[in-house]
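There are 6 protein chains.
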Amino acid sequence: MTNKDMFKVFQGLSTATITTVLLKKGLRNVWMRGPKALHDTEQRYVGRAFTLRFVPVREDLATPAAWASPRSTRAAIEDMPDGCIAVVDAMGVADCGIFGDILCARMAKRGVAALVTDGAVRDVAGVLDTGLPVFCQGVAAPPSVAGLTFVGWQEPIGCGGVAVFPDDLVVADRDGAVVVPQAFVEAVAQEGQEQEALEQWIMDQVAGGAALPGLYPPNAETKARYEASRAKAT
Amino acid sequence: MTNKDMFKVFQGLSTATITTVLLKKGLRNVWMRGPKALHDTEQRYVGRAFTLRFVPVREDLATPAAWASPRSTRAAIEDMPDGCIAVVDAMGVADCGIFGDILCARMAKRGVAALVTDGAVRDVAGVLDTGLPVFCQGVAAPPSVAGLTFVGWQEPIGCGGVAVFPDDLVVADRDGAVVVPQAFVEAVAQEGQEQEALEQWIMDQVAGGAALPGLYPPNAETKARYEASRAKAT
Amino acid sequence: MTNKDMFKVFQGLSTATITTVLLKKGLRNVWMRGPKALHDTEQRYVGRAFTLRFVPVREDLATPAAWASPRSTRAAIEDMPDGCIAVVDAMGVADCGIFGDILCARMAKRGVAALVTDGAVRDVAGVLDTGLPVFCQGVAAPPSVAGLTFVGWQEPIGCGGVAVFPDDLVVADRDGAVVVPQAFVEAVAQEGQEQEALEQWIMDQVAGGAALPGLYPPNAETKARYEASRAKAT
Amino acid sequence: MTNKDMFKVFQGLSTATITTVLLKKGLRNVWMRGPKALHDTEQRYVGRAFTLRFVPVREDLATPAAWASPRSTRAAIEDMPDGCIAVVDAMGVADCGIFGDILCARMAKRGVAALVTDGAVRDVAGVLDTGLPVFCQGVAAPPSVAGLTFVGWQEPIGCGGVAVFPDDLVVADRDGAVVVPQAFVEAVAQEGQEQEALEQWIMDQVAGGAALPGLYPPNAETKARYEASRAKAT
Amino acid sequence: MTNKDMFKVFQGLSTATITTVLLKKGLRNVWMRGPKALHDTEQRYVGRAFTLRFVPVREDLATPAAWASPRSTRAAIEDMPDGCIAVVDAMGVADCGIFGDILCARMAKRGVAALVTDGAVRDVAGVLDTGLPVFCQGVAAPPSVAGLTFVGWQEPIGCGGVAVFPDDLVVADRDGAVVVPQAFVEAVAQEGQEQEALEQWIMDQVAGGAALPGLYPPNAETKARYEASRAKAT
Amino acid sequence: MTNKDMFKVFQGLSTATITTVLLKKGLRNVWMRGPKALHDTEQRYVGRAFTLRFVPVREDLATPAAWASPRSTRAAIEDMPDGCIAVVDAMGVADCGIFGDILCARMAKRGVAALVTDGAVRDVAGVLDTGLPVFCQGVAAPPSVAGLTFVGWQEPIGCGGVAVFPDDLVVADRDGAVVVPQAFVEAVAQEGQEQEALEQWIMDQVAGGAALPGLYPPNAETKARYEASRAKAT
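As they're listed, the protein sequences go chains L, X, S, U, P and C.
If you want the numbering used here, it's the 1-based position in the first sequence plus 618.
If you want the numbering used here, it's the 1-based position in the second sequence plus 618.
If you want the numbering used here, it's the 1-based position in the third sequence plus 618.
If you want the numbering used here, it's the 1-based position in the fourth sequence plus 618.
If you want the numbering used here, it's the 1-based position in the fifth sequence plus 618.
If you want the numbering used here, it's the 1-based position in the sixth sequence plus 618.
Because the hints were derived from the structure by calculation, they are not lab data.
By construction, the Cβ of each residue, glycine as well, lies at the ideal position given by its N, Cα and C atoms.
Don't take each hint at face value.
Unchecked claim - A few chain P residues that face chain C, going by a derived Cβ cut-off under 8 Å, partial list only:
{"id": "1", "residue": "Val-627"}
{"id": "2", "residue": "Gln-629"}
{"id": "3", "residue": "Gly-630"}
{"id": "4", "residue": "Ser-632"}
{"id": "5", "residue": "Ala-634"}
{"id": "6", "residue": "Thr-638"}
{"id": "7", "residue": "Leu-641"}
{"id": "8", "residue": "Arg-646"}
{"id": "9", "residue": "Val-769"}
{"id": "10", "residue": "Trp-819"}
{"id": "11", "residue": "Met-821"}
{"id": "12", "residue": "Ala-829"}
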């Protein structure tokens, strides 16, 4: 599968389905605690993780002046490739905003697919106006330097209790944001599609009044009926 | 009062009023911390509690395979009577979803009045489509087995820091979900109606510009005026 | 500046801008953790703080009967001046509601500009109907006396981890609520306006495709361009 | 009973017994969450509450300079009567120390019976050297002004989730610290002594191999045996 | 292996070693968060789990009178077999004590090997005197009924975020308390012993100045040296 | 001052004094929340920070096999210079142990001055035997890979809510652990010594019965007396 095809497949896989498939492979900790869509949306966002990392505030370093440093969030943003998902480790600090309207506007301009963080954003009215899809823990007026010090980008990070490595695949929808480690992307794409098809069929059975035991998860008889229905469909 | 009449009365009592009446009887801990309406609603939901209980995950037991066990959430759902409110003790675990669209669809089909939990649901878009009223702590993509093990139903449980026994009355509205223990149902129904009527009259006085002291709570003079107004109304 | 002019200026300053200006003056802790607009609003609210203080429940004192005491929330409300912002220290207790529809209706009637609390309100449907702008941590059915004891008003308080003194200036918008200590009001008004103008201009540059380094924060060259643009505008 | 006699009685009542007696009178919330003996001790401390109150830090007010203000912790300490228990509302903030060795030394000098707080103390080695009995949540190096602003004394406060009013009786031992509201002091003294005597007798029965049902709580037969044993003892 | 032999083996396995062995088998969640030895001890405690379960307080049910009910903690204690470890689900509630000195004395008398809970105990001086080994989250003066309602025993429970089933093996030492599910007991016993022997040998190498890479975990060369040393020892 | 002299000075400065001096310079956030001496000690530990960083567990990466990777905690330990203080960012995760007895034995062997972490250690009996001074949040049986993935060393980290950069000075005593940023080391050394001398003199005054106002902080008259006493002492 090309990268582009892969992305298209993941557009059709809910984060719920992805976590089920990964759990069957032994990965129980892939859903980030905290990030939640800031805007009402039916959409799903898919991209490679571009990571940013904060440590706690130290008043001599975390100042508005620091924003001009070459190791600033500004420099990190200018390094983001088109289509990436920026994943920001704010250590769950929710009483200052990592970014406001100006930084989000620039990210939108650069083609960033979405911003995911276990922290907060600020100037929420302005951020929503930029059109950048944001998954965060909340909203807070103070600037990042009130509680955080920026230290670097494209390093391994934690976000919402989940390890995120640069270039992991990230998928975000109304259920939140999940990481698909590189090594699992192909397998999840394939098994996820099968899972979605099966669950759609089960949903139809439930709509028709079927009871759950034997249906979900399907027993041998149900599986046979499902396979038969698929054969007919083709 | 018949059961049906009782339910009708409670449709007219806000959870705020119910907690005030129960507090006067010495019950301060009847409102569940966490459950919040997932959908925008002006409605109130009333039903007998049908309880479900989870314990923490143990990886050898909490697997997708477990869903086929006779002691599964599936079996519990098939046991739910029409009109009940399913109350689920998830121990406040909010990083996996106890149920998704398929289970909620089946519950809706079985006539469950509402789902109340101190945990989360998954596949929120699908859950909302089923029309099942859900009061939960949030939304999470991972399946229940990522963090929880299901152990049984119709047992005493804790939900949001409140004890819930099978067949307690549960009422849920925009202020959340409360339990009315069996032994208090009749008394709450009666005193609640009186309280609602009095507060409506007080609200009218406030709208007319009355000051609070002496009015709310009403002193003897206010009570007399209120009684007079009721007498006239009849 | 007159008080009225001052208020008008602050209507145009976002809480995000205010926190940035105060941080430059050494104040990092002015944004209250918890209070969030209960209603959808594009508006900003400005007023002098009128403080109220609760301590934890003691069952012999925190009873519905206490509401008739001269040291009750009712008496405090009757003392609120037109245009103030009521700031209520509920110690972050979110499982009972400090006020319901009747008290909020009276506050609206008295011209209170907004209610800000790190606690919850109850009877949310009724509260929204009163039109009183409310910034709170959430919604809960139980009355205040289920968890709190009211002890006084117009004292120094903590609200959401921030010290609030009577008559401090409070500003609340979609990013939450901030305190501007008396001694800083004039300076924030002036510097805040300059900051807003500069950020608006930077936002335009970003919209035009400008990169961040050198632009935000502005280096000498950018500052010169900005000054030139302002000169032209006049 | 004289005050002195009363104190002597309470020296013999465990905080466990006191909470049981108060619970029977409807007071469930009298034990402070957090305060724990800093030193190894078999002793029990009894005194009238002398309350102090902090609000969160505001950097312009919470400075070492503030320590010289007339509304400082220093002035409060000089106001403490001999034999009181200082109860300090630090809002549970545990990352700065409300007092260090110098202030504790002065309190010891003034005859303060104990210090109880839901916050931390600093310079723990020095504090222990002063001999002042301290019940706190922990130890932290930073001064109070790093996180707190002192605002007053002998006001109603919250400490560890419990309301404390000036002159309430406070008792602290290895199980922590409890408040006995003024109105309940006499009754607790009397019923507490009876409870301690009964439990001592039950403990002897258990030591002799008796089973619990019928013994604890005692049924009619056990009560009769107990009364008989008391009669004999006299 | 007989049950008695098995217990003897586990006396020699640290909880640290047990968790390492179980993790290799896919069980990451077997260590209870909270329980900690109340007394200074070098000992390790091993026994089958006898489970007890609490739900939150409901004031009409959680009263001292409830202690006389046939479904009380007293009845549960009389049901505990010699040598069991009582594991008590207090839902992490740490502001009341599940048991005090009388109940602990009776448990000691009945030969209970240890008490493990994610809650607190009360009357700590008395509890220590009974000699019953206790692993708990802390100490609190109030009786269980101040915050909890007892509902049953020998059911599946959660304790400190871990699922515990009746008759699971429980081991507790200075690192806390772990569960070994029935199906894993034999395997853990065997692999645990091997692991302890290997780690002891590695510890000796480190004492002799060896560097870690290649040593721990051992590479092929180290393994060979270890095997050789074992052969010599026999 | 030579490095060695500097260290000797800091041996005489309590962490309480250091935080007071840094606060006067605008640094309020230098004390790590969580790390606490594992052993009873009167000693103070001083060294340059050697940082290690963990992110959350990902089951495919956090395995015992990972311990053999070149980017493992083992490799980091072999890189630690004599006299350093290892500061480990465990993100506050306290339910697995970052290190056990073997790793601590090796660190002691390499001359590491102390281990400071906001996480836990395991195999506490063995760790204490190694003699390595440890400041941690607690003790837990499970291995690091049960909850954490190690990602690197000598990077900027957060530890207990404080930013720590490689080679910052770290001081730990019974009040916990603090960071002295490089740029402040000289100034803290000097002012800290003056502060300690002054506070010792004040302590003597308090022992002699002096009241606090005017004494601490010292007013002009007290300062004069203090200077006079110092002059005499020389």
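A quick look at each hint next to the structure:
1. Val-627: violated (17 Å)
2. Gln-629: At about 14 Å, which exceeds the 8 Å cut-off, the nearest Cβ of chain C leaves the hint on Gln-629(P) violated.
3. Gly-630: violated (13 Å)
4. Ser-632: holds (6 Å)
5. Ala-634: holds (4 Å)
6. Thr-638: Constraint on Thr-638(P) satisfied, holds at 5 Å.
7. Leu-641: holds (6 Å)
8. Arg-646: Check passed: Cβ of Arg-646(P) comes within 5 Å of chain C, closer than 8 Å.
9. Val-769: At about 27 Å, which exceeds the 8 Å cut-off, the nearest Cβ of chain C leaves the hint on Val-769(P) violated.
10. Trp-819: Cβ of Trp-819(P) sits 11 Å from chain C, so the hint is violated.
11. Met-821: Result: holds, 6 Å to nearest chain C Cβ.
12. Ala-829: holds (6 Å)
In this structure, the earlier hints numbered 1, 2, 3, 9 and 10 are contradicted, and the remaining ones agree with it.
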